[in-house]
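Chains as they are written, first to last, in the numbering used here: chain G, 1 to 337; chain H, 1 to 337.
Hints listed in this document are in silico derivations from the structure and should not be mistaken for laboratory results. Please note that a few of the clues may not be correct.
Repeated chains share a single entry, so a pair holds when one copy, or any two copies, can fit it.
What the hints assert, rightly or not - SDA-like, lysine to any residue: derived pairs with alpha carbons at most 20 angstroms apart:
| # | residue 1 | residue 2 |
| --- | --- | --- |
| 1 | Lys22 | Arg76 |
| 2 | Lys137 | Pro260 |
| 3 | Lys6 | Ala60 |
| 4 | Lys137 | His262 |
| 5 | Lys137 | Pro263 |
| 6 | Lys171 | Ala330 |
| 7 | Lys137 | Thr255 |
| 8 | Lys22 | Glu257 |
| 9 | Lys137 | Glu257 |
There are 2 protein chains.
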Amino acid sequence: MPELRKPYLLYLGDSTHPTDAKTACGLRDWCPDDVIGEWSLPQATVSVGLPRLSPADAAARGAGSLVIGIASVGGRVPDSWLPDLDAAIASGLDIVSGMHTRLTSFPSLLAAAQRHGVRLMDVRHSDATFPAGTGNKRTGMRVATVGTDCALGKKYTALSLTNALRARGAKATFRATGQTGIMIAGQGIAIDAVVADFIAGAAELLSPDNAPDHWDVIEGQGSLFHPAYAGVTLGLLHGSQPDCIVLCHDPSRLTIEYRPNHPIPPLADAVAQYLTAARVTNRNVRLAGVSINSSTLSDEEWRTYAECVSTELGVPVCDPMRGGLDAIAASVLGQGH
Amino acid sequence: MPELRKPYLLYLGDSTHPTDAKTACGLRDWCPDDVIGEWSLPQATVSVGLPRLSPADAAARGAGSLVIGIASVGGRVPDSWLPDLDAAIASGLDIVSGMHTRLTSFPSLLAAAQRHGVRLMDVRHSDATFPAGTGNKRTGMRVATVGTDCALGKKYTALSLTNALRARGAKATFRATGQTGIMIAGQGIAIDAVVADFIAGAAELLSPDNAPDHWDVIEGQGSLFHPAYAGVTLGLLHGSQPDCIVLCHDPSRLTIEYRPNHPIPPLADAVAQYLTAARVTNRNVRLAGVSINSSTLSDEEWRTYAECVSTELGVPVCDPMRGGLDAIAASVLGQGH
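All chains should be built: construct the whole structure from the sequences, respecting the hints.
In structure tokens:
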């Protein structure tokens, strides 16, 4: 996937539900230096608190892309957005979208982009072809976030851990594998959009050879225990060849989300299965920590829970929203906390 | 994937190396009633022993498709084959290919197919879209072949086991997941060509609800221990929800083929990992048998080896080429041998 052009103008369309703006909030929070403003239709009521800039104004201030920062019904670009997207294209901005419907499926946008020499970047999709995985060892160090389920903090943990590693003076790069992560990083591979035969091969390309003391922090996808997505999870894990894994978990979730007949295994089992799987491409892989989404726990419950899990598994247990991931960063680096 | 039109005329191109005709031999051996002849260029020296029929003659005798039955250098259709393919199209035959290069990438073939109302079937590729896996239990019984590596007999075992189950009076259907299997069955899904997110979903469609006493015998792909293809293997396993697995192994192979740094685990470990993975979608999954490619062993070595593995794992150990799979079929059906 070619690199995205930053900085971004965040587009909020006609949104009236603050929860629809998850992508825009993620970009504002995780790459604040890369977002210079927001724009929306007059009927929109949602804002993410950035300066309001028209596409032309944003382009004049150096913006590289308009990023669709909200979810729409059915993942489709509604016709009401097209004039704004046209204006952005006419101002020389690339359009970046993580929606299911491709921007390139709109002939009018495609023609306009062609005319103005800008790119329509559908980061959820992948037209690139990848080689099969080799399994060959690469230089540099890698840590991957893995989960007991989907949607419980693997991206958030990878981003927080990247910052925590840097705060300890380590060289660290966040490697994005999903659409929001790709927008934040400006690059990456939407791993679940790759043809099945090439998952591991694509993951190998995502974290190429690097300096021996450099850490790639790889955003995990899906879960080994998810009946739909475990293939993506395993291929990504194998291609990543992680030296460390960080297990992400939400203790309030007892079964896979939307799959009530599929229980989440005990944490020790989950760790054992992830390590067994990861050893196929890195025999020295170890668990560096557990990252918990503890939003449903009181302070006292959280302290007790974290201590209990930490004693059982012998690694730091942190919540990035509750004290940060420094202890896990220390564990990744093999340093005392 | 729409059903292929049988019977087949097997095409051998300009082949002069008998080993190139693996696909044609597989079709001749596994669906003999569905192949009515072979055809090749004058310079070809390879034959699979079928009556020689021109495309026009084959069409006159009721053939539905010309199947490219040989491998070519680079997986590409050479220009020298095009006149024969054109003649087949003009005779009203579909063309079926398992090659990397798509038939549909030849504008002349595409135009001819359009003109004559026939189909170009690239069974290695998949343009179909699939839903995500649900994990919901389906009616009917399923057995999946799984392997310690690629290319050691998972298709052969699934086909043999289908016959062995039928010989015991059971209802059984072979479910194809790779190009040769699809040609043999006339239908199936090239699972490694599916977009990663939908591997399990495609596998769910491959073996739909069926009669309670019906067995789907699902052709496995790749291996959990292969650094490139394990994601395909796991997604296929999860979507298949097998009640039984049959492990396929070649004792002469100590490391993954072409990946000398990737050891094949001990059989007991391999079985444990496959069963753990399969339990995500079927808690009652069990090992029904081990299918061995024993071509490198003497009769005495084979007897000793089979007894040793059978004692260790507590299931029948067979070689489909050396006595057949009846003992494994009995184990699948829960019958005494």
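Taking the hints in turn, this is what the structure says about them:
1. Proximity of Lys22 to Arg76 under the C-alpha cut-off of 20 angstroms is restricted to the intra-copy arrangement: shortest distance 16 angstroms within a copy versus 46 angstroms between copies.
2. Taking CA atoms no more than 20 angstroms apart as the test, Lys137 paired with Pro260 passes between copies only; the shortest distance there is 12 angstroms, against 39 angstroms inside one copy.
3. When the C-alpha separation of Lys6 and Ala60 is checked against a cutoff of 20 angstroms, the pair qualifies only within one copy, where the shortest distance is 13 angstroms, while the shortest distance between copies is 64 angstroms.
4. Taking the closest pair of Cα atoms, Lys137 and His262 come within 20 angstroms of each other only across two copies (11 angstroms); inside a single copy the shortest separation is 35 angstroms, beyond that limit.
5. In the homo-oligomer, the alpha carbons of Lys137 and Pro263 lie at most 20 angstroms apart only across protomers (15 angstroms), although the nearest pairing inside one protomer, at 34 angstroms, exceeds that limit.
6. For the identical chains of this complex, Lys171 and Ala330 are intra-copy neighbours only, at 13 angstroms inside a copy versus 58 angstroms across copies, given an alpha-carbon limit of 20 angstroms.
7. In this assembly of identical chains, Lys137 and Thr255 lie within 20 angstroms of each other by CA distance solely across copies; the values are 16 angstroms between and 35 angstroms within a copy.
8. For the homomeric pair Lys22 and Glu257, the shortest alpha-carbon distance inside one copy (19 angstroms) is at most 20 angstroms, but the shortest distance between copies (45 angstroms) is not.
9. In this homomeric assembly, Lys137 and Glu257 come within 20 angstroms of each other (Cα to Cα) only across copies, at 17 angstroms, whereas the closest approach inside a single copy is 35 angstroms.
Checked against the numbered hints given earlier, the structure satisfies every one of them.
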